[in-house]
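Got chain P; can you put chain G on it based on the hints?
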Amino acid sequence: MISRRDFLKNTAKAVAGISIPVAALEILSPARVQAIKADSSVRWAFLVDTYKCVGCGFCVKACKLENEIPYDANATRTWVERYVLTKDGKLYADTPKGARDGFISTKVDLGMGNFQDIKKEDIKKAFFVPKLCNQCDNPPCVQVCPVGATYQAPDGVVLVDRTWCIGCGYCIMACPYGVRFFHPKYHTAEKCNFCYHRISKGLKTACVQACPFGARQIGNIKDPNDPVAKTITTERVGILKSEYGTKPQVFYIGLDEEVR
Amino acid sequence: MKNHVFRPLWAVIGLIVLVLLIRFFYVPKDFGVHERGYMYGWYRKSNIEDWTKVTVKYQGKEYCTACHPDKIESIDRTPHAIIQCENCHGPALEHPSEPPKLAIDRSRDQCLRCHAKLAYPSSGRAQIRGIDPDKHNPDVECVMCHNPHKPSLEGMK
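Going down the list, the sequences are from chains P and G. Under our numbering, the first residue of the first sequence carries the number 1, and numbering increases by one thereafter. Under our numbering, the first residue of the second sequence carries the number 261, and numbering increases by one thereafter.
Just so you know, these hints were derived from the structure itself, not from any lab. Check the hints yourself; a few may be wrong.
[To be verified] List of simulated lysine to any residue pairs, SDA-like, C-alpha gap at most 20 Å:
id, chain 1, residue 1, chain 2, residue 2
1, P, 13, G, 263
2, P, 124, G, 381
3, G, 262, P, 1
4, G, 377, G, 390
5, P, 107, G, 369
6, P, 201, P, 155
7, P, 119, G, 393
8, G, 410, G, 389
9, G, 305, P, 42
10, G, 289, P, 154
11, P, 97, P, 116
12, G, 395, P, 117
13, G, 321, G, 363
14, P, 120, G, 386
15, P, 107, G, 394
16, P, 185, G, 313
17, P, 107, G, 377
18, P, 119, G, 391
19, P, 97, G, 367
20, G, 262, P, 8
21, P, 241, P, 255
22, P, 185, G, 310
23, G, 313, P, 65
24, P, 204, G, 314
25, P, 120, P, 51
26, P, 52, P, 253
27, P, 107, P, 118
28, P, 201, G, 323
29, P, 90, G, 379
30, P, 87, G, 386
31, P, 52, P, 236
32, G, 377, G, 403
33, P, 119, G, 387
In isolation and in its complexed conformation, chain P is listed as follows (with noise of 0.2 Å):
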């Protein structure tokens, strides 16, 4: 039998014990949860004219050199994609390196060393289409990070902390466009992130300032002054895959059906 004595000693240890753990767990309730979500009066967004873009590719260029990826990897923040649709119905698409080195010959990449050339007047449609972050009201990619090492930053843009990512690749999986990769250098996920060391000092992105045809535009949506801001508010504008609910903050001029 437990004396009386013994049983308040226990019972103290115990409580003791588990107040130690209650002091270190941040327990969430809603309100709170609410109360500190503060409204920001800059949101990020981006606007791509594919009727301007010539596929140069400078734009991936300085991308790569801005943001420090590896030069010669195969891998990428931004990319431009080329798409030919022939007159018998066929469609053909590649970007060859992201188009680091732009698309400088007619013959499509099909893949495995295979080219095709493509004659001008087979062409029905063709045209080049700049692909990038979203930077999604909804993003999929945090919602499943288990770590909180990716998330969106009060502006909108979707940032990832090298220093908490545990390198699982879950938001690789997650993101329906495929702008996610792992860092060749850091080994951790990596996307872009609209050069958030440019737009916070108030420069544009690489990207936007390489392009030599105003086919890429950055700006802040909540201004209602912002030219970036009222084309996207006031044309007709499309969107990537909005059937995934992600609310992409990416615009497109001139998007075509084929483009996915």
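Coordinates of chain G only, in the frame set by chain P:
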């Protein structure tokens, strides 16, 4: 009750306390739920600042104008005015202090990025004057005949 019942219980409680203590000291103080709530805003706040500290490499045309106004002035009278200096000259970084000299890309492939003729309707590429790289003096560098700072055919060297 006997001691042998409590002993494993103490061991388990001790382990839990230890893990939570390590967690308490290991997890940064600014790690937690922020603006966008638990689903999208569970992170280490100071990481935002870490990202803003990344070095800017591409300085833009205005930066070049400060020391090379003559070059800018002459290229601005040509169709190549729309091209950033750093697209060919490489990122300026802290130039002229570091690097003192930039590595210029004078390769044929650099010119072909725009000037390899691709007759793609509904793309701006179709409007650019272009050549067939396999037929127009293959194996010769473009800069042998053309001056990228004076690209019009009248301005040929």
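For this session: Verify the proposed pairing of residue 120 of chain P with residue 386 of chain G, using a straight-line Cα cut of 20 Å.
Result: Between residue 120 of chain P and residue 386 of chain G the Cα gap is close to 11 Å, so the pair holds against 20 Å.
Exercise. For the pair supplied as a hint, residue 313 of chain G and residue 65 of chain P, is the alpha-carbon distance within the 20 Å limit?
Worked result: Roughly 16 Å separates the two Cα atoms, so the pair holds.
Problem set entry | Straight-line alpha-carbon gap residue 107 of chain P to residue 394 of chain G, limit 20 Å | 12 Å, holds
For this session: Decide if the proposed pair is consistent with the structure: residue 377 of chain G and residue 390 of chain G, CA atoms, cutoff 20 Å inclusive.
Result: 4 Å, holds
Exercise. Quick one, are residue 321 of chain G and residue 363 of chain G close enough, alpha carbons at most 20 Å?
Worked result: 17 Å, holds
For this session: Sort out whether residue 377 of chain G lies within 20 Å of residue 107 of chain P, counting only the CA atoms.
Result: Satisfied, since the Cα-Cα distance of roughly 12 Å is no more than 20 Å.
Exercise. Within 20 Å, alpha carbon to alpha carbon, are residue 97 of chain P and residue 116 of chain P?
Worked result: Between residue 97 of chain P and residue 116 of chain P the Cα gap is close to 17 Å, so the pair holds against 20 Å.
Exercise. Hey, residue 119 of chain P versus residue 387 of chain G, does the alpha-carbon distance stay inside 20 Å?
Worked result: 17 Å, holds
Exercise. Taken at face value, is the distance from the CA of residue 51 of chain P to the CA of residue 120 of chain P at most 20 Å?
Worked result: 18 Å, holds
Exercise. Are the Cα atoms of residue 185 of chain P and residue 313 of chain G separated by 20 Å or less?
Worked result: Status holds; Cα separation ~19 Å.
Problem set entry | Pair hint residue 410 of chain G and residue 389 of chain G, alpha-carbon separation not exceeding 20 Å | 15 Å, holds
For this session: Given the hint that residue 97 of chain P pairs with residue 367 of chain G, test it: the Cα-Cα distance must not exceed 20 Å.
Result: 18 Å, holds
Checked against the numbered hints above, the structure violates none of them.
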